[in-house]
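The chain contents come next:
There are 2 protein chains.
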Amino acid sequence: MPDMRAIGFTHNQPIENNQSFFEFFEPRPEATGHDLLVKVIATAVNPVDTGVRRGTTERLDRPKVIGWDAYGIVTAVGEAVTLFQTGDRVFYAGAFKRPGTDSEYHLVDERIVGPAPTKLTPAEIAATPLTSLTTWEALFEQLPINFDAPKENTGHTVLIINGAGGVGSMATQLAHLAGLTVIATASRPETIAWTQSHGADYVVNHREDLVAQVHDLGFKTVDYILELSNLNQHWSEIVDLIKPSGHIVSITGSETPLDLRALKPKRATFAWEWMYTKSYYETPDMLSQHAILTRVQQLLDAGKLKSTLNKTMTPINAANLRAAHALVESNRMIGKVVITNA
Amino acid sequence: MPDMRAIGFTHNQPIENNQSFFEFFEPRPEATGHDLLVKVIATAVNPVDTGVRRGTTERLDRPKVIGWDAYGIVTAVGEAVTLFQTGDRVFYAGAFKRPGTDSEYHLVDERIVGPAPTKLTPAEIAATPLTSLTTWEALFEQLPINFDAPKENTGHTVLIINGAGGVGSMATQLAHLAGLTVIATASRPETIAWTQSHGADYVVNHREDLVAQVHDLGFKTVDYILELSNLNQHWSEIVDLIKPSGHIVSITGSETPLDLRALKPKRATFAWEWMYTKSYYETPDMLSQHAILTRVQQLLDAGKLKSTLNKTMTPINAANLRAAHALVESNRMIGKVVITNA
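Chains as they are written, first to last, in UniProt numbering: chain A, 1 to 342; chain B, 1 to 342.
What the hints contain is simulated information worked out from the structure, not anything from laboratory work.
For clarity, every value in this text was computed on a predicted model and none was experimentally measured.
One or more of the hints may lead you astray.
Repeated chains share a single entry, so a pair holds when one copy, or any two copies, can fit it.
[As the list claims (entries may be wrong)] List of simulated lysine-lysine pairs, DSS-like, C-alpha gap at most 30 Å: (1) 220 <-> 97; (2) 306 <-> 264; (3) 264 <-> 243; (4) 97 <-> 243.
Looking at chain A on its own, in the form it has when it is part of the complex:
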């Protein structure tokens, strides 16, 4: 079996260190069952990548390959595969408990893969799967919002905390398409402009008092809050701003236990979104990720949704991966950074 190139790490080192990611060779895996073997053409770096790398404090015996966004071509299929065939162009985010997309070839379960958009560049495509899955599940599964009922959603308000990040700029667009009034947060001139260009109706500054700013816009409370920045930091503002019987969803985790009781008088609902849950637990609704990515592909090709790509590096190698991680680690990234061979 031929080898393939991969990029990995064995433990957390400063991203400037040239061993923080290194290239190595390992056997090209074989597709069995529901798996597709995909030749990776473009991949993106998300905050989850830097989190996993930096969280690897003990040295691993074998290099770990991460990366959870890919555009590529199916080169082989397992015997149970029914949705795709060799030669298909696909995009997907992958699974948390399996090797990632920072390699020449990659195995992925067909049930979490979508047909790639046809009218976008490889880099534009690779920028979208993780953030669109996260957004779709957060807004349209974890919050009681029906994407296909924009009339019903009209007049309902969502506050998106951190509107200019990868998920934030996808969420701003999808919430806008769903008919919601979108209040997104941003703090710099360039992030404010980016957020507005992705469909935010209002922009407020998350470095200043969110409650006062939202009130000044004429909203006493909001129907939904999508928290993408720092749950602990914004908790008291979230409690103040959520509508009675309102709904909150967060992707960030919390550093310390939360005073959840503060939400009780308003009987507010709190949900986590973790895009990996379905594949991690292999839930019966795992196939819904195929359906979501198929919807996203249609929206992208129809020009209703645009890629949030903001920075492209070529080719996929350790140096570019280190540079992309450094960008994401800066916490100043706007939209997405993609590394591509195309």
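With the hints as your guide, set chain B onto chain A.
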């Protein structure tokens, strides 16, 4: 304007003390706007009553009247009232920020009142409003369960922690009617029997390991958890037992901040239920409580739902109110205790 009798307290004293509740006279209130003036015939004591009384550590200038369950007759209506008229028999739980039902007459907003069941005794009726509203909102608003879709709910499992209490025995019945598989917790022979007689499919002991017991029943996880006992005490079991993408609702509050992050890998959803939220904030959907109580009245009269009354005291006076509070404070109450003049 004539006076009316009421029962109240000025500060927390041991319930055995004969001044812990005392009778006094105050002006009979007048119905304006959406209010009904109701002659109270029966009232119940819930854990919220003992909580409020015991939480009143500073002496109040005027006696406070609590009580959140009533069966009575409408004796006057405000000028905006459209749902009821004088002479109507009604049942309701009332509002947290207004005087309670432990008085001869009581003002209540018509939008949170239902037409009383016709085939039950006053005590049976007064046992039901607070717990049925709490249950209905918890299961069918805060959890994504459709009461009217028993076929769709078949095979879905709810774990009800504290199945024999007031809310627990109402929730066991309504969950069963909705087609769910009900696992209720109880620990004593009499509470186990009570819970089974209210429709529990399985009973597990909340004084022993809930996880092991639920696994032993053949369920690796459950779709829904309704927590009615002690959120902190059962938190780790809840985290273990909830299904990926599952839903939890609690009515009890939490003594200390919760490690909500433990739910993140499963992207589980957490909701509070507080029956008073709608009237407290006067939300646009406040009228939904009228609709819920109307459904409950129909179910009670049709014999599909039974009152959870377990203990009746007569008449409504301070001595009986003290005795009812002592019972609820014991934390061993099964079903409901009602005090009635009928």
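Practice task
Tell me, in ascending order, the numbers of any earlier hints that this structure violates.
Solution key: none
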